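K.L.:
Protein chains in written order, with our numbering: chain X, 253 to 501; chain Z, 253 to 501.
Quick caveat, the hints were computed from the structure, so don't treat them as lab data.
Honestly, I wouldn't trust all of these hints.
Since the list gives no way to pick out one identical chain from another, each pair is judged satisfied if it fits inside one copy or across any two copies.
Said to hold, decoys possible - Distance condition first, Cα-Cα at most 20 angstroms in a straight line; then the derived SDA-like pairs of lysine to any residue: (1) K495 x I259; (2) K434 x R378; (3) K432 x E364; (4) K373 x S344; (5) K432 x G312; (6) K460 x E395; (7) K373 x L328; (8) K434 x D339; (9) K373 x F390; (10) K327 x Y386; (11) K495 x P372; (12) K495 x E431; (13) K495 x M425; (14) K434 x E364; (15) K419 x T407; (16) K434 x L366; (17) K449 x T362; (18) K373 x E326; (19) K373 x K495; (20) K449 x Y356; (21) K434 x I259; (22) K373 x L325.
Everything numeric in this text was worked out from a predicted model, so none of it was measured.
There are 2 protein chains.
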Amino acid sequence: MVRYKAIISYDGTDFSGFQRQPRQRTVQEEIEKTLLRLNSGQSVTVHGAGRTDAGVHAYGQVIHFDLPQARELEKLRFGLDTQTPDDIDVISVQEVSENFHARYNKHYKTYEFLVDIGRPKNPLLRHYATHYPYPLTFSLIEEAIKDLLGTHDFTGFTASGSSVVNKVRTIKMADVRFEKEKQLLVFTFSGTGFLYKQVRNMVGTLLKIGNGKLPVGQIRTVLTTKDRTLAGPTAAGNGLYLKEIIYEE
Amino acid sequence: MVRYKAIISYDGTDFSGFQRQPRQRTVQEEIEKTLLRLNSGQSVTVHGAGRTDAGVHAYGQVIHFDLPQARELEKLRFGLDTQTPDDIDVISVQEVSENFHARYNKHYKTYEFLVDIGRPKNPLLRHYATHYPYPLTFSLIEEAIKDLLGTHDFTGFTASGSSVVNKVRTIKMADVRFEKEKQLLVFTFSGTGFLYKQVRNMVGTLLKIGNGKLPVGQIRTVLTTKDRTLAGPTAAGNGLYLKEIIYEE
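Please construct the entire structure, taking both the sequences and the accompanying hints into account.
P.N.:
Dropping the structure here:
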């Protein structure tokens with residue numbers, strides 16, 4: 253038995269998410285179908301580091317899977333890359349110890365969120381950025397986003413009823429920049445882990461702050477009260493990108 | 253009768269091109285269907301400045317059309333923008349004299365061509381850039397592209413059998429840059445007009461020069477011999493963007 257770690261990218265537009273679901277097109281299933289073929293008809297389970305939602309994209313999703321015997325790495329990557337649908341690409345494959353687990357090994361994830369603030373929206377970005385055509389004061393967003401840095405209980409930024417008990421996470425990078433030519437706001441967040449819909453709820457809150465509908469201190473308020481109803485709406489999935497995952501040694 | 257000029261953008265992926273064709277989904281037809289509704293069931297013909305091919309995108313296509321009576325401009329823009337499919341957007345609408353013709357009034361067009369040189373390809377760009385995974389020497393392309401500047405007979409860069417008699421055109425800007433983060437080559441061409449598939453043939457030739465398969469002087473050779481067979485292959489439409497059209501007063 254040999255364990256492989258692969259870095260993959262995918263366009264989330266035509267998937268119902270990463271995780272396998274009955275009767276839905278998912279990234280996990282498409283890769284498992286290909287591995288089944290490459291593994292002489294024996295099924296292979298794919299484990300993903302992050303379970304991206306429907307419409308959410310990835311540049312650096314990490315998966316692991318086991319094969320009965322060792323394979324030449326580039327051949328395996330090439331076979332996986334060319335035989336999966338063209339909205340999935342396999343960037344690299346490496347052998348790892350059987351102790352490596354894509355999801356449970358300690359790691360940092362970096363997410364990006366793209367907001368199209370152009371008027372009217374850019375049709376070429378409709379699946380790749382969330383359109384936000386309302387007035388925004390960039391400096392308010394720049395100020396509020398700093399409150400996300402550090403170790404906090406992010407209960408107020410996740411969906412209620414989550415089965416996760418410990419909602420404390422650390423955000424080590426929280427940044428926003430404005431790309432003028434494409435009229436894009438680009439949010440970047442890096443942290444030890446993100447709760448379900450956390451990034452999208454943080455972005456939704458920051459946009460409402462930028463729009464003046466929530467006070468600039470609202471991030472702090474949501475963190476201390478842990479009250480989901482005080483946060484902004486959940487931003488759509490089409491603007492969200494899982495950019496990179498880095499594992500601690 | 254009032255003539256309107258509109259600037260539109262569209263994602264070319266799901267269209268068979270700009271120009272109306274029977275039994276094909278086209279930009280012209282989608283806009284005409286919307287104008288028919290906005291014009292109380294009376295048909296309206298849309299004239300486009302450039303006839304983009306299947307898969308080709310536009311950020312600044314210009315159209316003109318006539319309506320029996322004057323309309324409030326933003327209402328007309330909004331109606332057109334929201335009632336056309338979401339892969340078309342109407343950026344602006346203005347009244348023009350009845351002498352204005354989107355196609356025949358003298359103008360400059362700017363095209364961009366995006367090449368994804370990443371390995372493996374970026375699945376999120378598969379409809380928006382042409383993938384070129386072969387080795388490229390950027391300096392060869394930078395050198396060769398200068399030969400396109402100026403007034404030339406571009407017969408060697410257009411499809412044979414074209415009905416156009418005069419194939420002399422002027423290119424006033426021809427540029428290439430490398431966007432490292434996205435692994436994109438971005439070509440920009442600006443000129444008095446471009447022949448059928450001219451930009452795609454020029455890009456195909458430049459890529460072959462960059463790849464070392466054609467000598468760096470090949471652009472000059474194709475221009476002087478007017479021989480299509482000496483040029484490179486026609487690059488795919490998905491990387492081509494009609495960026496902007498500027499009319500001379």
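K.L.:
Could you tell me which of the hints above the structure violates, numbers in ascending order?
P.N.:
Structure breaks no hint.
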